[in-house]
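So the protein lines, in turn, are chains V and B.
Numbered by the numbering used here, the letters in the first sequence go through residues 1 to 302 in order.
Numbered by the numbering used here, the letters in the second sequence go through residues 1 to 356 in order.
Since the hints were made in silico from the structure, they are not lab data.
Careful: at least some of the hints might be erroneous.
[Unchecked claim] Okay, the calculated beta carbon distance ranges per label pair:
(1) V:35 x B:169: 49 to 55 Å
(2) B:307 x V:135: 39 to 45 Å
(3) B:307 x V:128: 46 to 52 Å
(4) B:207 x V:198: 56 to 62 Å
(5) B:169 x V:51: 33 to 39 Å
(6) B:140 x V:124: 56 to 62 Å
(7) V:52 x B:76: 39 to 45 Å
(8) V:209 x B:57: 47 to 53 Å
(9) V:128 x B:91: 38 to 44 Å
(10) B:76 x V:136: 19 to 25 Å
Backbone N, C-alpha and C fix where the C-beta goes; we use that ideal spot for every residue, glycine too.
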Amino acid sequence: MTRVASEALLEQDLASMKPLQGSLLEGRSLKSRIYTGITWGLAILASLPLFSVLYMLIAKGGARINWETLTALPPAAFEFGGGIGPAIVGTAIMVGIGSAISIPIGILAAIYLAEVAPHSKLAETARFLAKVLTGFPSILAGVFVYAVLVVSMKTYSAWAGGIALAVLMLPTIILTAEETLKQVPQKMKDAAYGMGCTRAQVVAAVTLPTGLPGVITGVLLAVAGAAGESAPLLFTALFSTYYVNGLEGLGQPTASLSILIYNFSGMPYDNQIELAWAASLVLVLIILVFNILARVLGRQKF
Amino acid sequence: MVFANVARSTLAACTLSALAFAPLASADEIQLNGSGASFPFPLYAKWAKDFSRKHKGIQLQYQAVGSGAGIRAFLAETVDFAASDAAMNDEEIAKVPTDKGVVLLPMTAGEVVLSYNLPGNPELKLPRDVMQDIFLGKLTTWRDERLQQANPGIDFPDDDITVVRRSDSSGTTYVFTGHLACASDEFKQEVGHGKSVNWPKSFVGAPKNDGVAAMIKQTPGAIGYIEYGYAEATGQPMASLQNKAGEFVKPGEASGQAALASAEFPSGDLPGYAGTPDLRVWVCDPTGEAAYPIATFTWMLMYQHQDEEKAQVLREFIEYGLNKGQKDAPKMGYIPLPENVKAKVEDALKLVGDSK
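Assemble the whole structure, with the sequences as input and the hints as a guide.
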């Protein structure tokens, strides 16, 4: 075939393709546009509840966000003012206790599952149990801790609440940490072993630092989830209208944002209902911050 | 050692956050916790707050968890006192640890009202038999001759009656079904008397007072039972009910006190406790002409034997509730205790004391 002939053919091809370009009504193009449109529509529909909830919270709770609301004690009926201070502190302390228990245990378990003996009987069982625990109804975590701790200690306490939260945080941390630790390239670990590192050194100096962004993401998601839990706190921490009273106070009933919302939203008094809205807004903002942090810190890829 | 750093900083953060709030209160404070019935919660919570404010070094509080949960907490000794709308039955009293002991004190009283959704929300008068038929599920339309006769001024809509009931286990249900079971044998057999009962299938369930109130508001032709205090604070329409004497009576402080006046306390002692008065009494169908038919006391549960320091605070708290606290009752929709009941409670209060 001569060069001229092939060019002629090419031109012919181009000419026959031309009508395709920019034709909105051509079959495939039209379909594509319709499906894109539907996808967008559904995406907007799916995010509608989130934004309507946020809008409601800001509209109804935003006006009450001030220093008094954030620090004062909850009001009694027919009292004006008051705030949600003890609940914010209580939630922070109980999530803190939950984290202090579940983060070390969770990460150590993940190291065992991902690095030490991934295919052992113990690891298989532990992995299975952690997965079962993710679907564990949160109220049962509360009932479990109630039976073990509250009944034997004869008091509701921040400890019991924190431990119930730890039970719920644990599987999230174990499973996400295991996933990220498994993704650390074998080459890097082999290189470290090649240089004479022991397994403990490899885990501490290579695997964990490399997988850290993913581990932190898991931890922050678990923390965000725990902050919003109410069911496990109902029977373990109960509620309190006072601030946590020193270290001893951790052994007393403790306030939390979620229980405050639950209690106050059902009351017939406007003041309490407004505070429930304000508390909801504060809680959602706390959870949002943790979720965004998890996104940002988890973005760093190895 | 990044991992160690993370763990260390987490622990440090927790300790710090705990320590940061340590200076807010000194260690020698007495903290007393109660939990139980949600019905008297607003009142008890107010007493607790006002009482704690007046007494330096005392933090007393009450949490609403429901009557059943309150009794369980009392039996498990996880609280310093509890409260219940249904008092305690003999079986439960027998389960109280003997080294602790129990005394039941009526502290305030309340009414259960019927709220409804009719066009313009007219003042509804509900004859006894009509009310029983509605809650038996037998009467399903507002166009009823007996209703029309009792309410000549109301033009009833052609709506079906939607009965809204509590979906959760509730002291309010206990009191309401208590009245109906007293007034009608059929109700006692078909539906029963308890915190959750065998309601007809056609009824709509909603959780807590606010759930029932919201459901009534949204459903034209709905009727349901809620606490008087809740209905009063939120401005729900309330029906006048026909009492045993045949009079139509509006819920309120006076009609509630008239109902409680007919209460006759049992003469015996609390089962298993010689010398402890039995202050459990129900006025399921009061006979007085001015009496509102559905009224009840609600009880605090106290240990007879405990730490003397705590016992003293609890006695002072009850004294406060009996005297100053009763003045808070009417404006919050509760009925103040009649004088004779107050005297009985003051007598029984002496039993709250030192460990054995």
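Do the hints match the structure? See the list:
About 50 Å separates the C-beta atoms of residue 35 (chain V) and residue 169 (chain B), a value consistent with the hinted range of 49 to 55 Å. Checked against the hint of 39 to 45 Å, the C-beta distance between residue 307 (chain B) and residue 135 (chain V) comes to roughly 44 Å, which is consistent with it. Between residue 307 (chain B) and residue 128 (chain V), the C-beta spacing of about 48 Å keeps the proposed range 46 to 52 Å intact. Between residue 207 (chain B) and residue 198 (chain V) the beta carbons are some 58 Å apart, a value that agrees with the proposed interval 56 to 62 Å.
The hinted window of 33 to 39 Å between residue 169 (chain B) and residue 51 (chain V) holds, with their beta carbons roughly 37 Å apart. Between residue 140 (chain B) and residue 124 (chain V) the C-beta distance comes to about 59 Å, which sits within the given range of 56 to 62 Å. Our hint of 39 to 45 Å for residue 52 (chain V) and residue 76 (chain B) holds, since their Cβ atoms are close to 42 Å apart. Between residue 209 (chain V) and residue 57 (chain B) the C-beta distance comes to about 51 Å, which sits within the given range of 47 to 53 Å.
The hinted range of 38 to 44 Å is satisfied by residue 128 (chain V) and residue 91 (chain B), whose Cβ atoms lie roughly 42 Å apart. Range check, residue 76 (chain B) to residue 136 (chain V): about 23 Å between beta-carbon atoms, so the 19 to 25 Å window is met.
The structure fails none of the hints (numbered hints given earlier).
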